[in-house]
Each structure stands twice: as structure tokens, then as C-alpha cells.
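Full structure from sequences and hints, please.
Numbering-wise (the working numbering), the sequence shown opens with residue 776 and increments by one.
Some hints here could point you the wrong way.
Claimed, not checked - Taking lysine-lysine pairs in the DSS-like style, the calculated list, with each CA pair at most 25 angstroms apart, reads:
1. Lys799 with Lys780
2. Lys780 with Lys790
3. Lys780 with Lys828
4. Lys840 with Lys825
5. Lys825 with Lys802
6. Lys780 with Lys802
7. Lys828 with Lys802
8. Lys797 with Lys780
9. Lys780 with Lys825
10. Lys840 with Lys828
What the hints assert, rightly or not - Cβ pair distances, simulated, as ranges:
11. Gln815 with His793: 29 to 35 angstroms
12. Lys825 with Met787: 29 to 35 angstroms
13. Ser830 with Leu791: 29 to 35 angstroms
14. Asp837 with Lys797: 37 to 43 angstroms
Keep in mind the hints are simulated off the structure, nothing from the lab.
Given the structure is predicted, the values throughout are model-derived calculations rather than measurements.
All C-beta atoms, glycine included, are put in the ideal place defined by N, C-alpha and C.
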Amino acid sequence: MTEGKKRQIRRMFEKLRHPVLKLKRIKIDGLRLTGLLPGQWRYLTPEEVKRLKESVGLTDEDKKKMAV
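In C-alpha cells form, the structure reads like this:
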């Protein structure tokens with residue numbers, strides 16, 4: 776599965792009478808979660824911040840406007 780909203784994946788498999796025993800998220804919006812345990816966090820790299828801003832349509836100009 777490449778994408779699932781909320782409990783969508785669990786519900787899909789439930790309809791097939793195949794319960795999901797374990798489900799692991801490996802990335803969020805292109806950010807890899809490799810090495811992070813549940814509850815852990817890390818700082819984003821500048822490149823990751825840039826990609827996230829681009830994915831929501833936030834440009835450098837928007838950032839300047841928000842800083843005022």
C-alpha cells in the first residue's frame with residue numbers, strides 16, 4: 776500500500792475479512808521515518824523543509840510576507 780488516510784487501510788482489509796495485526800508507517804509526505812521509534816522525533820534538514828514548503832505551495836516570497 777502506498778497511501779492511506781486515517782484508518783482507511785485497516786477498513787479496506789477488514790472488508791476482505793483479513794484483519795491488520797500490525798501496520799507501520801515508513802514515511803510521511805516524502806519524509807522517511809527510518810530509525811525513529813514511536814514517540815521519537817528529529818529536526819528536519821533544510822532540504823526536507825524546502826520540499827515540504829513546495830508541496831503545500833509555500834514559496835520564499837510567502838515566507839517573507841509571513842515574517843512581517
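Determine which of the earlier numbered hints do not hold for this structure and return their numbers in increasing order. none
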